[in-house]
Amino acid sequence: MKAMKKLLAVLLTLGLVFALAACGNNGSENSQTPSQDVTTSEEPAASNEGGSTGDYGEFTTIEEGVLIMSTNAAFPPYEMTTDDGSYEGIDVEIAQAIAEKLGLELQIDNMEFTAALEAAQSGMSDMVMAGVTVNEDRLAVMDFSNTYATGIQVVIVKEGSDVTLDNLGEQLIGVQNGTTGWQFCSDQFGDDHVSAFDNGITAVQALMQDQVDCVVIDQGPAEVFVSENEGLTILETEYAVEDYAIGVAKGNEGLLNAINTALAELQADGIIQSIIDKYITAE
Amino acid sequence: MIDVKNLSKSFGDHLVLDNLSEHIEEGEKVVIIGPSGSGKSTFLRCLNLLETPTAGTITFDGTVITDPKVDIDSVRRKMGMVFQHFNLFPNMTVRRNITLAPIRTGLMKKEEAEAEAEKLLRRVGLQDKADAYPAQLSGGQKQRIAIVRAMAMRPKVMLFDEPTSALDPEMVGEVLEVMKELAREGMTMVVVTHEMGFAREVGTRVLFMDGGHILEQNEPQAFFAHPREQRTVDFLSKVL
Amino acid sequence: MDLAQLYETWKAISVSGGDLTWWQDFFVKFYQAFIEADRWQQYLEGTGTTLVATALALLMGVILGVLVAMVRTAHDQQRPGRRKNPVLGVVNAVFKVYVTVIRGTPMMLQLLIWAFVVFKSRQYTLVGIFGLGINSGAYVSEIIRGGLMAVDGGQMEAGRSLGLNYLDTMRFIVVPQAFKAILPSLGNEFIILLKDTSLLSVISGQELMYFAQAIGTRNYAMMFPLFGAACIYLVLVIIFSWLLGKLERRLRQSDRR
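Protein chains in written order, with the working numbering: chain A, 33 to 315; chain B, 444 to 683; chain C, 2 to 258.
If you're looking for bench data, these hints aren't it; they were derived computationally from the structure.
Be a bit skeptical, because a hint or two may be false.
[As the list claims (entries may be wrong)] Listed below are the simulated DSS-like cross-link pairs for lysine-lysine, each with C-alpha atoms no more than 27 Å apart in a straight line:
| # | chain 1 | residue 1 | chain 2 | residue 2 |
| --- | --- | --- | --- | --- |
| 1 | A | K310 | C | K12 |
| 2 | B | K448 | B | K521 |
| 3 | A | K310 | C | K121 |
| 4 | C | K85 | B | K512 |
| 5 | A | K190 | C | K121 |
| 6 | B | K448 | C | K30 |
| 7 | A | K282 | C | K121 |
| 8 | B | K512 | B | K562 |
| 9 | A | K190 | C | K85 |
[As the list claims (entries may be wrong)] Per the computed footprint, the stretches of chain B lying under chain C, defined by three or more beta-carbons under 8 Å from a beta-carbon of chain C, are:
| # | region |
| --- | --- |
| 10 | 538–547 |
| 11 | 592–605 |
| 12 | 659–670 |
[To be verified] Reference listing, derived: stretches of chain C covered by chain B, where coverage requires no fewer than 3 residues with Cβ under 8 Å from a Cβ of chain B:
| # | region |
| --- | --- |
| 13 | 5–13 |
| 14 | 149–161 |
Ideal placement from N, C-alpha and C gives every residue a C-beta, glycine not left out.
Looking at chain A on its own, in the form it has when it is part of the complex (with noise of 0.2 Å):
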């Protein structure tokens, strides 16, 4: 019993400790980011002496000196993740070229597309680049950088089909929740006809089992996906092309200014096409 009273009193104590911390943490997030934008912005400029060059002006991240990426590693080549629990892809890569020009050290937060945004717009994450799209609608609670990659929306469907661009208004389309290619396909063709999956392996492996009859998906994930399951064909039309951004919480100036000028160093020295050649091999 006395072994009892402990550990309550203990737990009781955590839970108090807990709530207050994150109390606190709400609080001093307001009132203190004025004074963070001062003592920040001077971190990366001075550790900007080592190997970099340009001007990245001053700019704020969450944490000094690291530049937090929320993702969703569910969407390759974009985004995945690694045996090792790191994470890989073309949008890894591209912010840690970016990270490195700015002088900070990448890390990341893998959780659902959705929440990936929210991160990001609720200051969880400095940015999110998970293979998002530029809208209107996101315009209007975030800001994006220029874009550095594009993505097209390719339909997947099985050999033989007779799923068309022009009929696809008849077929039950299965699409990764959240993402451009839901948000395109529900509003042309009504919620009816569209299934959207947590992710789009779960997507393509409901087209195998014939529960939708083709998948509306990001080119690039779409062809590894081809490669990897037989019987499946990309039509050859495309659904829709659009551009890849990183979106940064609204206001943030700063972070947004040093993002488009390393994006454009990287962009001038090839690296980007080079990441982007590596995951995606034309055929």
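Could you slot chains B and C onto chain A? The hints should help.
Below, chains B and C without anything else, positioned relative to chain A:
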């Protein structure tokens, strides 16, 4: 010892006890009889505040126990109660049923309480049941142990709420025997019962309750021989 | 020929478009999901997180549940006719809102709200466990309250008539009886909690389901990792049910006739 003044109790709109006054002396064995719904159980349960009176005062041993400031737990330690359905604690052995209250209330040390339990169990002939659980006992055995459990607190008065009503007929005798022995030892007792034989043999006073009133009372011989009220006569003719 | 070579050989056949028998295909996929790159260790790591998360959330849920149930029962059992305790009334009202809100909203929503609205902390797993514990506490409190209410009122009366106070009567007489009665529903709640930890992956918690999905993403084959995770959950639940059964039998001791 117990002084009841202008006691009323109602459940919602239903008036169960109507302005009742009564005095019980030390050493008395008061037997309360009456038809069901007459308020006799409620009256008994008011005596140790298992029911909170709507109006009136109850004084026990010089303390006005109906005063909200009174520590009711310490009052109840001096008033033992035995229930119709025994209410033994099924999750404990008989020994622990008996010793729990004396130990937890600081009345006795563990060894002391266990010796007392042993002694009381021997008196009711159940010393071999100390380590049994209530589910393993017969109704008569359960009720005898319930009496022992109340006695272990060394109460000044014992309240019995129809202690034999839930028993098979062949087990009534063994329980009444224990109660009679208690009475012989001089315990103050208030007993709600339908056992007229017990009332006649053991009672020093019989109260007849009906409709929330004490309709009539007398010493047992006179009460049963010459009931004064017509309703008492009707009731007795049904139960005797 | 060892298994790794066998895997490489058959995989090569499959990749180059050749046909595999069904069991060769099964072997390749199984190898890929569990043995290649020692992936089984990731399942174990995930299982570890799942178990720790369950244990912590369970502890929190039980403590919270007991507290809420005690307060709510004490409030409901106040003696009629006497002045009600105002502090108890306020706390009871707060707990009532807590139970209503938690039971009235989906768990996943709660997790997202804890993570992105309330705590805004990157300790996602910890926040997730906290959310699970809070959620579980609401359900556990109702189970316990039901158990306390179901204990025969005569037990409380008997305890109080002996001069025991309310807390002692609860602790020694009512609670042990209620505990025995609610053990099956409590066990059920714990099993649900164990499986609900899979929702942690939504907010970046790295438990069993997270690793299974990650491996599936890498292989482009979902089925085997999912079945693997399902088997682990099943085994955990079976072990847990067995332990629960043992405890129940021990508590039933007093029912022997």
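Hints and how they fare:
no. : hint             : verdict
1   : A:K310 to C:K12  : holds, 23 Å
2   : B:K448 to B:K521 : holds, 20 Å
3   : A:K310 to C:K121 : violated, 36 Å
4   : C:K85 to B:K512  : holds, 14 Å
5   : A:K190 to C:K121 : violated, 43 Å
6   : B:K448 to C:K30  : violated, 88 Å
7   : A:K282 to C:K121 : holds, 17 Å
8   : B:K512 to B:K562 : violated, 36 Å
9   : A:K190 to C:K85  : violated, 71 Å
10  : 538–547          : holds (count 3)
11  : 592–605          : holds (count 3)
12  : 659–670          : violated (count 0)
13  : 5–13             : violated (count 0)
14  : 149–161          : holds (count 7)
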